[in-house]
Amino acid sequence: MKRKAMSIVLAASLCAGMMAGNSVVCSAAADEEVTLIVLAGQSTTDAGIEDMIDEALAEQYPNITLEWECVDWGNDFQPKMQQYLQSGLPDIMIGKAQDVATYAPQGVLGEIDATYLDRGLDAARENVTVDGKTYGMVYNALYQGVYYNKTMFKDNGWEVPKTLDELQAIIDDCKAKDITPFASHMVDTWSIGNVTMQFCMNDVFNKTPDWGDQFRDGKVSFSDSEDMQNAYNYNKLIFDNTYGDTFSTEQTDCDAKMVLGEAAMKVSGSWSIQNFLDIDENFDFGIFPFPNQTGDSKLIFEPNITVMTSAETEHQDAVNAFLDVLTGNKELAVEILDYTKTASMLKDVTPTFDNPSQEDIDKYAADNMIVDVTLGNNQLVWGGFQEENAKDIAAWLQGQETFEECLKASDGRVDASSAN
Amino acid sequence: MKRQKTSGMEKKLVRQYLILVLPGMIIFTIGLIVPLFLSFRYSLTSWDGMSSEKIFIGLENYVKLFKDSEFRDAWWFTIKFTIGNTIIQNVLALLFAVALDSGIRAQKLYRTAFFVPCLISAVVVGFIWLKMFSNVLPALNDFLGTNFNFLLFGKAETVLGGLLIANNWQWVGYWMLIYLAGLQSVPSELYEAAKVDGANAIHRFFNVTIPMLAPAITICVVGITTGSLKVYDLLVASTKGGPGRASTSVIYKTYTTAINGRQYGYGSAMTVTLVLALLLVAVIQVKGLRKKEVQA
Numbered sequence: 001m002k003r004k005a006m007s008i009v010l011a012a013s014l015c016a017g018m019m020a021g022n023s024v025v026c027s028a029a030a031d032e033e034v035t036l037i038v039l040a041g042q043s044t045t046d047a048g049i050e051d052m053i054d055e056a057l058a059e060q061y062p063n064i065t066l067e068w069e070c071v072d073w074g075n076d077f078q079p080k081m082q083q084y085l086q087s088g089l090p091d092i093m094i095g096k097a098q099d100v101a102t103y104a105p106q107g108v109l110g111e112i113d114a115t116y117l118d119r120g121l122d123a124a125r126e127n128v129t130v131d132g133k134t135y136g137m138v139y140n141a142l143y144q145g146v147y148y149n150k151t152m153f154k155d156n157g158w159e160v161p162k163t164l165d166e167l168q169a170i171i172d173d174c175k176a177k178d179i180t181p182f183a184s185h186m187v188d189t190w191s192i193g194n195v196t197m198q199f200c201m202n203d204v205f206n207k208t209p210d211w212g213d214q215f216r217d218g219k220v221s222f223s224d225s226e227d228m229q230n231a232y233n234y235n236k237l238i239f240d241n242t243y244g245d246t247f248s249t250e251q252t253d254c255d256a257k258m259v260l261g262e263a264a265m266k267v268s269g270s271w272s273i274q275n276f277l278d279i280d281e282n283f284d285f286g287i288f289p290f291p292n293q294t295g296d297s298k299l300i301f302e303p304n305i306t307v308m309t310s311a312e313t314e315h316q317d318a319v320n321a322f323l324d325v326l327t328g329n330k331e332l333a334v335e336i337l338d339y340t341k342t343a344s345m346l347k348d349v350t351p352t353f354d355n356p357s358q359e360d361i362d363k364y365a366a367d368n369m370i371v372d373v374t375l376g377n378n379q380l381v382w383g384g385f386q387e388e389n390a391k392d393i394a395a396w397l398q399g400q401e402t403f404e405e406c407l408k409a410s411d412g413r414v415d416a417s418s419a420n
Numbered sequence: 001m002k003r004q005k006t007s008g009m010e011k012k013l014v015r016q017y018l019i020l021v022l023p024g025m026i027i028f029t030i031g032l033i034v035p036l037f038l039s040f041r042y043s044l045t046s047w048d049g050m051s052s053e054k055i056f057i058g059l060e061n062y063v064k065l066f067k068d069s070e071f072r073d074a075w076w077f078t079i080k081f082t083i084g085n086t087i088i089q090n091v092l093a094l095l096f097a098v099a100l101d102s103g104i105r106a107q108k109l110y111r112t113a114f115f116v117p118c119l120i121s122a123v124v125v126g127f128i129w130l131k132m133f134s135n136v137l138p139a140l141n142d143f144l145g146t147n148f149n150f151l152l153f154g155k156a157e158t159v160l161g162g163l164l165i166a167n168n169w170q171w172v173g174y175w176m177l178i179y180l181a182g183l184q185s186v187p188s189e190l191y192e193a194a195k196v197d198g199a200n201a202i203h204r205f206f207n208v209t210i211p212m213l214a215p216a217i218t219i220c221v222v223g224i225t226t227g228s229l230k231v232y233d234l235l236v237a238s239t240k241g242g243p244g245r246a247s248t249s250v251i252y253k254t255y256t257t258a259i260n261g262r263q264y265g266y267g268s269a270m271t272v273t274l275v276l277a278l279l280l281v282a283v284i285q286v287k288g289l290r291k292k293e294v295q296a
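So the sequences go chain by chain: A and B.
Residue 150 in my numbering sits at position 150 of the first sequence; the count goes up by one each step and never skips.
Residue 212 in my numbering sits at position 212 of the second sequence; the count goes up by one each step and never skips.
Hints should not be assumed to be uniformly reliable.
Some chain A residues near chain B, calculated using beta-carbon distances under 8 Å [as the list claims (entries may be wrong)]:
| hint | residue |
| --- | --- |
| 1 | Gly48 |
| 2 | Ala169 |
| 3 | Asp245 |
Straight line, CA to CA, 35 Å or less: simulated DSBU-like cross-link-like pairs of lysine-lysine [claimed, not checked]:
| hint | chain 1 | residue 1 | chain 2 | residue 2 |
| --- | --- | --- | --- | --- |
| 4 | A | Lys175 | B | Lys11 |
| 5 | A | Lys408 | B | Lys287 |
| 6 | B | Lys108 | A | Lys219 |
| 7 | B | Lys155 | A | Lys162 |
| 8 | A | Lys408 | B | Lys11 |
| 9 | A | Lys133 | B | Lys54 |
| 10 | B | Lys287 | A | Lys80 |
| 11 | A | Lys330 | A | Lys175 |
| 12 | A | Lys330 | A | Lys363 |
| 13 | B | Lys80 | A | Lys150 |
| 14 | A | Lys177 | A | Lys236 |
| 15 | B | Lys230 | A | Lys80 |
| 16 | B | Lys64 | B | Lys230 |
| 17 | A | Lys207 | A | Lys154 |
| 18 | B | Lys230 | B | Lys155 |
| 19 | B | Lys230 | A | Lys175 |
| 20 | A | Lys298 | A | Lys133 |
| 21 | A | Lys80 | A | Lys363 |
| 22 | A | Lys347 | A | Lys298 |
| 23 | A | Lys257 | B | Lys155 |
| 24 | B | Lys230 | A | Lys298 |
| 25 | B | Lys80 | A | Lys175 |
| 26 | B | Lys80 | B | Lys12 |
| 27 | B | Lys54 | A | Lys177 |
| 28 | B | Lys67 | B | Lys195 |
| 29 | A | Lys162 | A | Lys80 |
| 30 | A | Lys150 | B | Lys230 |
If you are wondering where the hints come from, they were derived from the structure by calculation, not from laboratory data.
As the structure is a prediction and not an experimental result, all values here were calculated from the model.
Note that CB positions come from ideal geometry on N, CA and C, so glycine has one too.
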């Protein structure tokens, strides 16, 4: 009996010792120096936020260091991901919401803990959730539509157009007054691809949300779809009513022309705000959705910075600490939002920068006239499809291809239209 | 007995050579030969570059290649770019070299000025000329009150011309130095003898200088041709293959197809055809030009 009691005591003390040891290991792990690899696919507005995150992380978790690899999202994020898919993903990847649909089905992304997801807006979750599991933490959002010079609109008595006829009336008046209706920078093919998706959202996907699936099933095509052709044709409307040197004009120059009053409107997104306000902090501008055939177009909303994590990371605690800083540090969030001039996707976080177009955004939001572009980007992916179509649109605008050839080229690319 | 000793010595030497060559061979094999074979293997699959599945589809990618008008256009652009570069760069480099070899003043200054652009990365060169054509030169138009079309990158018809200017600006100085070195190694007695024979400057150039420069011409022609066939970084930084696809080279097309377009197998087939074309061009040029060297 004595021996039995002794063995129980010994076993208990052994267990206790092990538990104590474990807790020591755990606390040691928390203090252990960890370096996380971060692949950041950045938009033009995002470059520089890595320093802000580094600083905030160093304050809260000094044992964690981030090793950043910042690349241009449009050109280099997918190639880098493709490379890492062969050699092992970085601990953290920062891309866009649409990337989740591309990489989550490969089984390489880690599920984001609800603790951090709950700090974000619910609206952001739907398009980063695959089979009931959320693989992306959406941090901020961009709005896309037609930016307009408020002063110019007021001086000329123009109202925000809701229909294409109203838009055409403004274009005609601009021309009569020797004002360039649209600022554009078609030298950047991404810009053509971006505005085309804006047009598609309001003329195609708002009516037929599964247009991409139907396209792959052979039920619809670019050559036969009047809606899709309308969307493509709006590019011609812009091209015919913009500067002659649009294929030689870069974004910064284009935004400068807009601010200097050389054009009345610009189909763009929040990424232009940074330039607008850098050039003239008093520039007064608004935003409206590019009108569609039915006069019910919605303002486009794009979840932008989206954090994804590797399913195979060896430093999950450190990764969670990173997510904790990003979602829990409101001061950092405001700093990033003010810098990028973007909207918050975190609860109770509002940027403090003066955004003249916010009034318009609030109005469309109140009228439920905002639509998430991730739907379109998931239906017809950017890499290999939208960006290639944009090249054909450019060739068509330059007279190198006919409109029919341009549509046919998009049809021929059907295999590349889906990420999976 | 003596023979045996010699052959033992030879074996030892061969072994030493092999040991010396081995590190290079290993690096070359791992870095070039193995990827080349892997690329051929992938070209027979429909692999997307992401999934673990690499489905074998035989020669389907190669059949598709011949029907792909975008790939044909990319080749056509690359060929025009290569021919333009080979002619312009060789002619200009040779002329500049002859001019510098003629004993003009401030020769070193000119040599340095011509050579500096080739020290800059092609990406930077792309940005420089993008800005030149879009901002700097049009501003010059405004300043001078002229109306020259400097927006060469903005139109499909003029983009090739713009790229040739950018590429030649960068590389003429480099090839010029090779020609200059060749010129300086031509014995002056040959010119003197030609002069005595009554040859004028033009005759001396075509009958003495050019034949004596044959080895340098081989180096320059092969170097410029293969370099132009592989053009990529200049395009990325300047035109991004546009407007439309007007300046899309074979490498650019291969990259966007394989990586952005997630068609790794198809992109690999493009790579294989490019490697074969490069080999063919290099072999033809080296053989043809070497013959001339022997005659010289």
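Structure-based check of each hint:
1. A distance limit of 8 Å between C-beta atoms decides the matter here; for Gly48 of chain A the minimum to chain B is near 20 Å, and the interface restraint is violated.
2. The interface hint given for Ala169 of chain A is broken, as the beta carbon of that residue sits about 30 Å from the closest beta carbon of chain B, more than 8 Å.
3. Checking Asp245 of chain A against chain B: minimum C-beta separation of about 5 Å stays under 8 Å; hint holds.
4. Under the criterion of a C-alpha separation no larger than 35 Å, the hint pairing Lys175 of chain A with Lys11 of chain B is inconsistent with the structure, at around 87 Å.
5. Straight-line distance between C-alpha atoms of Lys408 of chain A and Lys287 of chain B comes to about 44 Å, which puts the hinted pair past the 35 Å bound.
6. A distance of roughly 69 Å separates the Cα atoms of Lys108 of chain B and Lys219 of chain A; the hinted pair therefore is violated under the 35 Å criterion.
7. Restraint check for Lys155 of chain B and Lys162 of chain A: the C-alpha separation of about 34 Å stays at or below 35 Å, so the hint holds.
8. At roughly 66 Å between alpha-carbon atoms, Lys408 of chain A and Lys11 of chain B are farther apart than 35 Å, so this suggested pair is violated.
9. Taking the CA atoms of Lys133 of chain A and Lys54 of chain B, the gap is near 27 Å; set against the 35 Å cutoff, the hint holds.
10. Distance check on the hinted pair: Lys287 of chain B and Lys80 of chain A sit about 41 Å apart at the alpha-carbon level, beyond 35 Å; violated.
11. Proposed proximity of Lys330 of chain A and Lys175 of chain A is contradicted: the alpha carbons are some 47 Å apart, above 35 Å.
12. Distance check on the hinted pair: Lys330 of chain A and Lys363 of chain A sit about 26 Å apart at the alpha-carbon level, within 35 Å; holds.
13. A C-alpha spacing of about 48 Å is found between Lys80 of chain B and Lys150 of chain A, which places the hinted pair above 35 Å, so the restraint is violated.
14. A C-alpha spacing of about 21 Å is found between Lys177 of chain A and Lys236 of chain A, which places the hinted pair at or below 35 Å, so the restraint holds.
15. Simply put, Lys230 of chain B and Lys80 of chain A have alpha-carbon atoms about 22 Å apart, close enough for the 35 Å limit, and the pair holds.
16. In summary, the hint linking Lys64 of chain B to Lys230 of chain B is supported, as the alpha carbons are separated by about 22 Å, within the 35 Å threshold.
17. Only pairs whose Cα atoms come within 35 Å are accepted, and Lys207 of chain A paired with Lys154 of chain A is accepted, the gap being roughly 33 Å.
18. Of the pairs offered as hints, the one joining Lys230 of chain B and Lys155 of chain B holds, with about 23 Å between alpha carbons and a cut-off of 35 Å not exceeded.
19. About 45 Å separates the Cα atoms of Lys230 of chain B and Lys175 of chain A, which puts this hinted pair outside 35 Å; it is violated.
20. For the hint linking Lys298 of chain A to Lys133 of chain A, the alpha-carbon distance of about 29 Å falls within 35 Å, and the restraint holds.
21. The hinted pair formed by Lys80 of chain A and Lys363 of chain A fails the criterion: a straight-line CA distance of about 39 Å is larger than 35 Å.
22. Annotation: proposed proximity of Lys347 of chain A to Lys298 of chain A holds, straight-line Cα distance about 23 Å (limit 35 Å).
23. Using a Cα cut-off of 35 Å, the hinted pair Lys257 of chain A and Lys155 of chain B holds, with the two alpha carbons roughly 21 Å apart.
24. The suggested pairing of Lys230 of chain B with Lys298 of chain A is violated, with an alpha-carbon distance near 45 Å, which exceeds 35 Å.
25. Simply put, Lys80 of chain B and Lys175 of chain A have alpha-carbon atoms about 40 Å apart, too far for the 35 Å limit, and the pair is violated.
26. Note on Lys80 of chain B and Lys12 of chain B: the hinted pairing is violated, with a Cα-Cα distance of about 52 Å set against a maximum of 35 Å.
27. At most 35 Å may separate the alpha-carbon atoms for a hinted pair to count; Lys54 of chain B and Lys177 of chain A exceed this at roughly 60 Å.
28. About 58 Å separates the Cα atoms of Lys67 of chain B and Lys195 of chain B, which puts this hinted pair outside 35 Å; it is violated.
29. Restraint check: the Cα-Cα separation between Lys162 of chain A and Lys80 of chain A comes to about 41 Å, which exceeds 35 Å; the hinted pair is violated.
30. With a CA separation close to 49 Å, the supplied pair Lys150 of chain A and Lys230 of chain B exceeds the 35 Å bound.
Against the hints set out earlier in the document, violations occur for numbers 1, 2, 4, 5, 6, 8, 10, 11, 13, 19, 21, 24, 25, 26, 27, 28, 29 and 30.
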